[in-house]
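A.B. asks: What follows is the residue order along each chain.
There are 2 protein chains.
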Amino acid sequence: MKALLSRAGLLCEFPPAVTLVEVGARDGLQNESAVTSAAKIALIDQLSASGLTYIEAGAFVSPKWVPQMADSHEVFSGIQRAPTVTYSALVPNLRGLEQAIACQADEIAIFTSASQGFCQHNINCSIEQSLQRFEPVVSQAQQLGLKVRGYLSCVADCPYDGPTPPEQVASVAEALRDLGCYQISLGDTIGTGTPLRIARMLEAVRKQVQAKQLAVHFHDTWGMALANLYQSLSMGITTIDCSVAGLGGCPYAPGAAGNVATEDVLYLCQGLGIHTGVDLQQVAKAGWAISHILGRRPISKVSLALYSKLTQKKT
Amino acid sequence: MKALLSRAGLLCEFPPAVTLVEVGARDGLQNESAVTSAAKIALIDQLSASGLTYIEAGAFVSPKWVPQMADSHEVFSGIQRAPTVTYSALVPNLRGLEQAIACQADEIAIFTSASQGFCQHNINCSIEQSLQRFEPVVSQAQQLGLKVRGYLSCVADCPYDGPTPPEQVASVAEALRDLGCYQISLGDTIGTGTPLRIARMLEAVRKQVQAKQLAVHFHDTWGMALANLYQSLSMGITTIDCSVAGLGGCPYAPGAAGNVATEDVLYLCQGLGIHTGVDLQQVAKAGWAISHILGRRPISKVSLALYSKLTQKKT
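Protein sequence lines, in the order shown, are assigned to chains R and H.
For reference, each letter of the first sequence is one residue, going 1 to 315 in UniProt numbering.
For reference, each letter of the second sequence is one residue, going 1 to 315 in UniProt numbering.
One should not assume that every hint holds.
Stated by the list, open to error - A few chain R residues that face chain H, going by a derived Cβ cut-off under 10 Å, partial list only:
| hint | residue |
| --- | --- |
| 1 | 179 |
| 2 | 180 |
| 3 | 182 |
| 4 | 220 |
| 5 | 225 |
| 6 | 231 |
| 7 | 263 |
| 8 | 264 |
| 9 | 270 |
| 10 | 304 |
In short, the hints are calculated from the structure, not lab data.
Yeah, the Cβ is synthetic: ideal placement off N, Cα and C, and Gly gets one too.
Extracted from the complex, chain R is given alone in its bound form:
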């Protein structure tokens, strides 16, 4: 354990290793302009070679609502499966689960919100109804031996309801766990959370769900993602959602943009002596390629700094 001397000489501890959940190819690209299946496949294959062990590769949702994910079948069929990598798919219902199974997804992910307002706007039902809807999905997935991950959005603030009480986050996280999710990803969907509020939220959630069953999913819309991550790491969180080149955001939350970039997370972990097993340079290269296709710069300061170093050396 890395030890850090704090102000009063107290010791804060960081985990020796963390797992990164790469969501760029799904949560990222579903909120960008559409790219070809070939581009997605190339991105995922590059990410697979970087040392990442968990890649969300697609979503089996209505192409009417999320046209960017309409080719998830092609993507799952086209990628080269690395034996060290878990390839997961987001599914909204039984139909999506069937498609995920047909594509041999290794795991599935379901989603709800910690706030009623967001749940209503996002999936058109109450939190309770969303949990009921996912019950048969989880149960059938489990019968087939598929592990289920749960996304919980708006764990700090909701664009419709304002601040989300930490106890409410804890209670929905517990419900997802009881439903059968082996891991709950706590999402600061609009990125307004600051470290003290994130700490209080995690403190409340940890009373119901063990830290090892939790992941954090930060958005950098207000620049707080790494400070929030730093706080979370000191509280025993060992799974981090992140998105290569900072791809994506949330289409349903006004003003929301910017999953925290995988490159930035890697640089922070590296600096804290926390093992990730992931090659930063390779992830950065994958990010430059997809950013080039999207016609814009990566939304990652580490990626830009690495690129600038590289081009300076060449000249």
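Chain R is fixed; fit chain H onto it per the hints.
C.D. replies: Just chain H now, with coordinates in the frame of chain R:
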């Protein structure tokens, strides 16, 4: 004091209030394309109205080396002095001090480096020589009742020498204090520092210089500024250098760019319940105005998020 429950249930404390040192008009603009004196004056006047109490307004350095600061005399003469604000000037030598006095600067700032390599490249002498050169400047300033602030660069890494040993930072910080500086601003000039290394550096420096005599000056080139600031706040640092709209960088350090944005610092402090006395909206407005003049977007996620909220409400 705000208390934060850490992993092991230990308490980390944050200061109830901090002072922001706004360096955008000097450290920022000296590294941007030149703007008119009128634009600088308007920027400083807007910042003065925001509640900021310390504004670095110019530098009396060679116009051959830093042409962007050649009009510091006009700027000091043109601004409306708010009685609550300290207006300081950077000076490299006795000639600069005379000019600062002629312009009625409230304080002066001098500068050296914690690394020999950077000192040589930046001011063409060793650290020891730089301290000797500044001795008559500090002594004459003190005779006139002018307080002197000291900048110390490369406190984490040096682009020429690599990592800077924390003890070396501590030793030069102590020398600056002994020279007569009432405050030492610790600069992560190339922005490569991560929280654990910043903590170790601060730990070493605090053994020689009291925390209340220290300021932190972070660059966000590698996205670490706010995580580093969060760590520093937990270690008793109460003065923070920052730059409206993230103006500027360092012209002497290859690849270096991006003083941490004042807006981002304010949002973090606000979220931690730390008093700043500064109006975030007014700083953001000042940042939008100068960014418009520079023809680019603010380098501040908080500023961009605020702007996006504002324009969404209007439509």
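A.B. asks: For a quick check of understanding: which of the numbered hints are violated here, in increasing order?
C.D. replies: 1, 2 and 3
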